[in-house]
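A.B. asks: From just these sequences and the hints, can you work out the full model?
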Amino acid sequence: MRSVLGKVLLGLAGFLITAALLVAWYVPGQMKKTPLDVDSKTRLSGQAAALPTGGSSPVKALSHTVANGELSDGDVIVFDTFTCLVKDDGTVEDCTDDGEAGSALITASTDTFATDRRTAEAVNDPKYVSANSTHEGLVNKWPFDVKKETYPYWDGLLGRSIDATFDGEEEIEGLNTYRFVTNVQDEKAEIASGVDGTYSTAKTLWIDPVTGSIIKQDEKQVRKTEDGTTVLDLDFGFTDETVAANVESAKESGGKLGLLSTAPWVLGLLGLLALGLGGFLASRGRAAEEPVYVDETAPVGDEAYQDSTEQFFDEAEGETRASRREAQE
8 MRSVLGKVLL
18 GLAGFLITAA
28 LLVAWYVPGQ
38 MKKTPLDVDS
48 KTRLSGQAAA
58 LPTGGSSPVK
68 ALSHTVANGE
78 LSDGDVIVFD
88 TFTCLVKDDG
98 TVEDCTDDGE
108 AGSALITAST
118 DTFATDRRTA
128 EAVNDPKYVS
138 ANSTHEGLVN
148 KWPFDVKKET
158 YPYWDGLLGR
168 SIDATFDGEE
178 EIEGLNTYRF
188 VTNVQDEKAE
198 IASGVDGTYS
208 TAKTLWIDPV
218 TGSIIKQDEK
228 QVRKTEDGTT
238 VLDLDFGFTD
248 ETVAANVESA
258 KESGGKLGLL
268 STAPWVLGLL
278 GLLALGLGGF
288 LASRGRAAEE
298 PVYVDETAPV
308 GDEAYQDSTE
318 QFFDEAEGET
328 RASRREAQE
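When we follow my numbering, the leftmost residue of the sequence shown carries the number 8, and every step to the right adds one.
Derived by calculation from the structure, the hints in this document are not laboratory data. Honestly, I wouldn't trust all of these hints.
Within a straight-line C-alpha distance of at most 30 Å, the following computed DSSO-like cross-link-like pairs (lysine-lysine) qualify [unchecked claim]:
#: 1; residue 1: K39; residue 2: K210
#: 2; residue 1: K263; residue 2: K39
#: 3; residue 1: K195; residue 2: K148
C.D. replies: In structure tokens form, the structure reads like this:
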């Protein structure tokens with residue numbers, strides 16, 4: 008019985024140790040990927056001054072990002088994004104296609120891009136995107152296991168990446184984040200369709216260091232015509248509701264990924280315990296099953312324990328008679 012149980016434990020030990028190695032080396036590479044079912048809406052709010060009135064008014068923005076499952080694969084994910092910025096005057100829920108003067112619409116745009124599911128960097132391969140959809144650097148998230156260093160970050164208005172510099176750590180609703188900042192001052196750009204001018208932006212992004220997701224974002228943006236006229240002065244950021252949802256999602260995903268760091272140790276320890284106990288029981292079982300040597304020439308049964316009392320008295324009586332004869336002679 009001990010031998011059988013020992014063999015079972017040895018088999019279990021092999022399974023646990025193999026599982027520990029898989030969780031440590033293979034599983035993280037499969038789990039630390041951008042999921043293919045992304046369908047997210049990010050909402051922003053703030054203040055903006057825009058032509059033709061030039062007066063400051065409340066604004067809101069919607070960024071809807073959806074993964075294109077047909078074009079995505081195991082290594083690359085393709086996104087379609089729609090972004091709309093409108094005056095928050097109560098007449099528009101999310102966006103409007105009314106581009107006439109005086110409407111609530113300020114800007115609206117679409118974008119298609121592909122990124123590496125592990126590194127989050129842009130992928131410019133005609134297999135995924137057309138030649139006029141090229142991007143560079145990070146686009147909509149940071150990589151998993153974010154480092155405290157400068158990353159290239161895509162700026163759609165400039166059509167190139169800019170530096171996103173690490174600026175410290177900050178806790179948001181119980182979640183530790185890495186803060187990054189970007190800064191562009193009076194760069195020449197096409198500030199609107201067919202309109203050249205200068206573009207300035209100061210953006211702060213709070214990133215979950217485990218998943219690389221953007222938790223919070225604030226931006227101050229100014230667009231001017233070539234003669235210096237301000238056509239847009241925008242100061243906005245993620246709404247409180249969006250930040251709260253991002254924090255909750257990051258905590259849930261981070262918890263799952265956190266198991267990957269502890270699971271190999273737990274499985275490995277259990278495997279070693281099973282190995283030690285299994286080896287002990289198996290060796291004891293073999294010892295118990297070994298044959299015992301029996302000396303067949305040795306007396307056994309009643310022969311080994313005969314009563315010698317009668318023999319003793321017979322010998323004693325014989326000695327007494329011999330002594331009497333000697334005395335008579």
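A.B. asks: Given the hinted pair K195 and K148, is their alpha-carbon gap at most 30 Å?
C.D. replies: It holds: about 26 Å lies between the C-alpha atoms, which stays within 30 Å.
A.B. asks: Between the alpha carbons of K39 and K210, is the straight-line distance 30 Å or under?
C.D. replies: holds, 27 Å
A.B. asks: Between K263 and K39, is the straight-line Cα distance small enough, at 30 Å or below?
C.D. replies: holds, 10 Å
Going down the numbered hints, you'll see the structure goes against none, and every one checks out.
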